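Peer 1: Protein sequence lines correspond, in order, to chains Z and Y. Numbering-wise (this note's numbering), the first sequence opens with residue 1 and increments by one. Numbering-wise (this note's numbering), the second sequence opens with residue 1 and increments by one.
In short, the hints are calculated from the structure, not lab data. Note that the structure is predicted; figures quoted are calculated from it, not measured. Please note that a few of the clues may not be correct.
Claimed, not checked - Simulated crosslink set (DSS-like; lysine-lysine; CA at most 30 Å straight-line):
#: 1; chain 1: Y; residue 1: K6; chain 2: Z; residue 2: K136
#: 2; chain 1: Z; residue 1: K136; chain 2: Y; residue 2: K2
#: 3; chain 1: Z; residue 1: K267; chain 2: Z; residue 2: K29
#: 4; chain 1: Z; residue 1: K55; chain 2: Z; residue 2: K3
#: 5; chain 1: Z; residue 1: K136; chain 2: Y; residue 2: K9
#: 6; chain 1: Z; residue 1: K136; chain 2: Z; residue 2: K29
#: 7; chain 1: Z; residue 1: K123; chain 2: Y; residue 2: K2
#: 8; chain 1: Z; residue 1: K29; chain 2: Z; residue 2: K55
#: 9; chain 1: Z; residue 1: K16; chain 2: Z; residue 2: K123
#: 10; chain 1: Y; residue 1: K2; chain 2: Z; residue 2: K55
#: 11; chain 1: Z; residue 1: K3; chain 2: Z; residue 2: K207
#: 12; chain 1: Z; residue 1: K16; chain 2: Z; residue 2: K181
#: 13; chain 1: Z; residue 1: K3; chain 2: Z; residue 2: K181
#: 14; chain 1: Z; residue 1: K136; chain 2: Z; residue 2: K181
#: 15; chain 1: Y; residue 1: K196; chain 2: Z; residue 2: K123
#: 16; chain 1: Z; residue 1: K123; chain 2: Z; residue 2: K136
#: 17; chain 1: Z; residue 1: K29; chain 2: Z; residue 2: K3
#: 18; chain 1: Y; residue 1: K216; chain 2: Y; residue 2: K196
#: 19; chain 1: Z; residue 1: K55; chain 2: Z; residue 2: K73
#: 20; chain 1: Z; residue 1: K73; chain 2: Y; residue 2: K196
#: 21; chain 1: Z; residue 1: K181; chain 2: Z; residue 2: K123
#: 22; chain 1: Z; residue 1: K267; chain 2: Z; residue 2: K207
#: 23; chain 1: Z; residue 1: K181; chain 2: Z; residue 2: K55
#: 24; chain 1: Z; residue 1: K181; chain 2: Y; residue 2: K6
#: 25; chain 1: Z; residue 1: K55; chain 2: Z; residue 2: K207
#: 26; chain 1: Z; residue 1: K123; chain 2: Y; residue 2: K6
#: 27; chain 1: Y; residue 1: K2; chain 2: Z; residue 2: K181
#: 28; chain 1: Y; residue 1: K9; chain 2: Z; residue 2: K73
#: 29; chain 1: Z; residue 1: K123; chain 2: Z; residue 2: K55
#: 30; chain 1: Z; residue 1: K73; chain 2: Z; residue 2: K181
#: 31; chain 1: Z; residue 1: K181; chain 2: Z; residue 2: K207
#: 32; chain 1: Z; residue 1: K3; chain 2: Z; residue 2: K73
#: 33; chain 1: Z; residue 1: K73; chain 2: Z; residue 2: K136
#: 34; chain 1: Z; residue 1: K29; chain 2: Z; residue 2: K181
#: 35; chain 1: Y; residue 1: K216; chain 2: Z; residue 2: K73
To be verified - Not close to chain Z: a few residues of chain Y, all C-beta gaps over 10 Å, as computed:
#: 36; residue: A27
#: 37; residue: V30
#: 38; residue: E43
#: 39; residue: G52
#: 40; residue: P94
Glycine is no exception: its CB is placed at the ideal position from the N, C-alpha and C atoms.
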Amino acid sequence: MQKVIDVQNIRKEYGKTIAVDDISFSVQKGEIFGIVGPNGAGKTTTVESIIGLRKPDEGHVAVLGLNPQSDSKTLGNRIGIQLQHASIPSRMKVWEALDLYASFYERTVPWEPLLENWGLGDKRNAQFDDLSGGQKQRLFIALALINDPEIVFLDELTTGLDPAARHATWDLVSDIREQGKTVVLITHYMDEIEALANRVAIIDQGKVIALDTPANLIANLNAETQINFTAPRSFNAEELASVAGVSAVNQEGNHIRVTGNGPLLAKVAVTLAEHDISPEDLQSHRASLEDVFLAMTGRNIRE
Amino acid sequence: MKALLKLTKMELQLQFREPIALFFTLAFPVMLMILFGSIYGNEAEAFLDGYGQVDLSVPGYIGMIIGTIGLLNIPVTLANYRDQGILRRLRATPLQSGSVLWAQVITQVVMSAAGIALLYIAGVSFYNLRIPTGIGSIIPAILLSAFSFFSVGFVLAGVMPTARAAQAVGMAILYPMLFLSGAAMPRFIMPEIVQKIGLALPLTHVVIFVEDLWLKSSLNMVSLFVVIGMLVAGLILSRFTFRWE
Ligand SMILES: Nc1ncnc2c1ncn2[C@@H]1O[C@H](COP(=O)(O)OP(=O)(O)OP(=O)(O)O)[C@@H](O)[C@H]1O
Ligand SMILES: [Mg+2]
Numbered sequence: 001m002q003k004v005i006d007v008q009n010i011r012k013e014y015g016k017t018i019a020v021d022d023i024s025f026s027v028q029k030g031e032i033f034g035i036v037g038p039n040g041a042g043k044t045t046t047v048e049s050i051i052g053l054r055k056p057d058e059g060h061v062a063v064l065g066l067n068p069q070s071d072s073k074t075l076g077n078r079i080g081i082q083l084q085h086a087s088i089p090s091r092m093k094v095w096e097a098l099d100l101y102a103s104f105y106e107r108t109v110p111w112e113p114l115l116e117n118w119g120l121g122d123k124r125n126a127q128f129d130d131l132s133g134g135q136k137q138r139l140f141i142a143l144a145l146i147n148d149p150e151i152v153f154l155d156e157l158t159t160g161l162d163p164a165a166r167h168a169t170w171d172l173v174s175d176i177r178e179q180g181k182t183v184v185l186i187t188h189y190m191d192e193i194e195a196l197a198n199r200v201a202i203i204d205q206g207k208v209i210a211l212d213t214p215a216n217l218i219a220n221l222n223a224e225t226q227i228n229f230t231a232p233r234s235f236n237a238e239e240l241a242s243v244a245g246v247s248a249v250n251q252e253g254n255h256i257r258v259t260g261n262g263p264l265l266a267k268v269a270v271t272l273a274e275h276d277i278s279p280e281d282l283q284s285h286r287a288s289l290e291d292v293f294l295a296m297t298g299r300n301i302r303e
Numbered sequence: 001m002k003a004l005l006k007l008t009k010m011e012l013q014l015q016f017r018e019p020i021a022l023f024f025t026l027a028f029p030v031m032l033m034i035l036f037g038s039i040y041g042n043e044a045e046a047f048l049d050g051y052g053q054v055d056l057s058v059p060g061y062i063g064m065i066i067g068t069i070g071l072l073n074i075p076v077t078l079a080n081y082r083d084q085g086i087l088r089r090l091r092a093t094p095l096q097s098g099s100v101l102w103a104q105v106i107t108q109v110v111m112s113a114a115g116i117a118l119l120y121i122a123g124v125s126f127y128n129l130r131i132p133t134g135i136g137s138i139i140p141a142i143l144l145s146a147f148s149f150f151s152v153g154f155v156l157a158g159v160m161p162t163a164r165a166a167q168a169v170g171m172a173i174l175y176p177m178l179f180l181s182g183a184a185m186p187r188f189i190m191p192e193i194v195q196k197i198g199l200a201l202p203l204t205h206v207v208i209f210v211e212d213l214w215l216k217s218s219l220n221m222v223s224l225f226v227v228i229g230m231l232v233a234g235l236i237l238s239r240f241t242f243r244w245e
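For reference, chain Y alone in the conformation it holds in the complex (with noise of 0.2 Å):
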């Protein structure tokens, strides 16, 4: 238990060396949510039902910074890790195995916290975010969307040969995800058949499992199902698919 605390306090410590993951999870979705709300406001509008611009694209950044650090920062840290001979050294102590991806994985909860924390503090102060009705289960979802996508982080990083080709297949999946799924703009500004497409995009399900709590206090069944057995079947794969060398 000392060591996975050590090991977690030591892996955040790491992440702020980091100078660009840090910016995409803490400070990008910050700075789209000031740039957008410097055009719209945040007015409420009747179309959204009382809420405005502002809070309705909050659960898109909210599921950008799971995403993100899901597809790209975990597999790359981990692959990186791995190339280096790192988890190696690890592995060559007393500490159990599974402290090391524990600490990964509480790590990067606390840095999905911190960018979300970031957010709620950055719309509040200037755009005078809404509070959501349904704070008490955002946060469990939240939770759930983060260990769904993490958990695919995981089978990436055992999936990808090196750190490299983490990054290039996590971007390659990550980036368009993020403008389809809603994340970065808002769904219903883009054409019928775009949405169509985003709803075949897991990234699109968390976004819109946290933003139906968020503005509606309405459990979405169908994407929390998409975000279960997402979990689910990352679980399962990563067992298979994870290598410490």
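Here chain Z stands alone, though its shape is the one from the complex (with noise of 0.2 Å):
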């Protein structure tokens, strides 16, 4: 695999702030890189440090084999920037903003196409100001592609969106890999980089506490799956012990938890079937990130 972002040690303080504290990590080719943590984390600055729009104070950073800071117009000829608390002006066209930022490339992909893909061919000629929040975000993808990039940063890309509009934007972050490219993505929702990510870091008050792709965070937690459901008191409990991978199992009046490993929630279900059981309640609930970040630093990752 290659490596196209390479991140070394970097430090960068804001007076007594440390926003960012000896941060390591590098991103391969293709892969989908989620950097996620909780406002003030340090996530924007570890970013605009990588992209060049801030020089840290100590550390090395290189991106395609380039110096971000010495060598800015050819990095910036080859990257895609959505960044968080940027816009366009209020009044300007869809279709002005990408026919202006593609004067600023050397090479580009012809705008009306872009605009038709994201979903915006119909709002052309709407001013910046008149258009919803998810389709300002998916014109910002737009200006970050405008230049074909070979990697695109996309910082807090669904903040502020409301939950059909997040689950579209993923879409759209997906295909952007599809096409080859590798996506560098900042965010402060776990469920977006389990949806999304190949690997994520985790990072907290300026340092990173975990690196790994989802699955292995959380799986590493070794977190049991748990189980809720109703049952008529008739019902004994004790019979869902000796399913495989059950640990545990607690019945109190009518309300039953089990506990244990593995495909859980099939075995249990089947069980339940045999005995003419069947709760409408029946969850099942798995560790997630949230699980993780909170495993590690024992704070909820929203507090």
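Dock the two chains into a complex; use the hints.
Peer 2: Below, the structure is given as structure tokens:
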């Protein structure tokens, strides 16, 4: 695998605030690399250091083998950026923005198909201010893709969007990877990372506290799956204790909780069906990246 | 170069989508001219060396256009672009950052020229505006004055924390100056003491500078130095105060 981004021991202070405190990681070609962490963790500062918008106080960054500071123009032509806290003038029209930004790059893709692909075809003459939140974000992605970049940085892409718009955006991000581009996805939504990222760096207080595939991070928690449901008091929950993978059964009144490992839900459901019990509230809770963060920091990510 | 042209063209189009700013740079000076002209007319007056009242007011209106653009349009536009992260987004492209600033300067020079052209056309059509004798030197003088005020606008944009603050402070500086400098009404109708106070204001020197060239073909050295001094100070200060975010 080819490394396209190499970050070594970067550090950045703003006055007394240590925004980034000795962060290192590398990103492979063609992957979606997630950077996740709570507000103020240092995600944006890290990304700004990678793209050359900020100079880290210490450490080294190489992107596509280039130095973001000294080779900023060459690098700028090869990466695409959707920045947090960035915008275009409110009265600029959608097509004008694409046409304008296309003039900044040495190599560009035609912007008409880009607009169509991103569902903005009928909005080409709309002013930026008149777009919905989701349309604005899609325009920002289109702007980030106008130069057919090798790496795309997306910082807080779905913040402020409703769930439907968020999920629609996820599909579009997958499409970017399908085109063979590397994506660096910055977010504070763990579910976004679980759905999209090949690997993730969890950042907290300026440090990388975990770096692996989402699946490995969750597996390493060794957290058990939990199944909850209600059943008539006449049902003896101990019947479930013998199901493969179950480690504990807990019955309180008509509420039953089963914990264990493996594909628990299906097996429990089969056993219940054998006893003619079909609870409507049968639910399974698997450990998620949120639990990984909680386990590592003792805090919830959104606190 | 292609990017700078595109950016400038876009910037100009955006200016034309801001009706309020457009009103004060393009329509308002013409309206004032017509208002004063309809009262005083533009007959040749002996005490004005054969020029009329409207002839005399035009250099003031030119100062008004330059002052409004320099102290309001530029700082508010740039501070707004900074607050909204528009400058931040532009900086994340290979575009040279100087292009963003040049696009703004060129745009505002064109806006000033448009405002002055409208004045000129209205003056000639309605009041037989007398063509100035020193027109060859007037254009560079106006450009110099514009750059001088624009540089102050860049300083204001950098110093002001927000676009709102830039607007409030810009107005607080501009409006009293418009009346005391002879931009909105001729200085000779003001009491002597007010005229003296006016001499402390930079806009007064723009008006005098242009007026002397326009009406007397003479170069007012004091005003020239004030305008150049302000340009140099503005350029130096803006280097230290300008912020991209
Ligand atoms: N320009 C700046 N000046 C001073 N402090 C800053 C600046 N930018 C960021 N910080 C501080 O540095 C820390 C890290 O900020 P950063 O924006 O990198 O975090 P983040 O992980 O992107 O947060 P969010 O999820 O809110 O976007 C925060 O404490 C923030 O207040
Ligand atoms: Mg951020």
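Peer 1: Of the numbered hints stated earlier in the document, which are not met by this structure?
Peer 2: 3, 9, 12, 15, 20, 22, 29, 35 and 40
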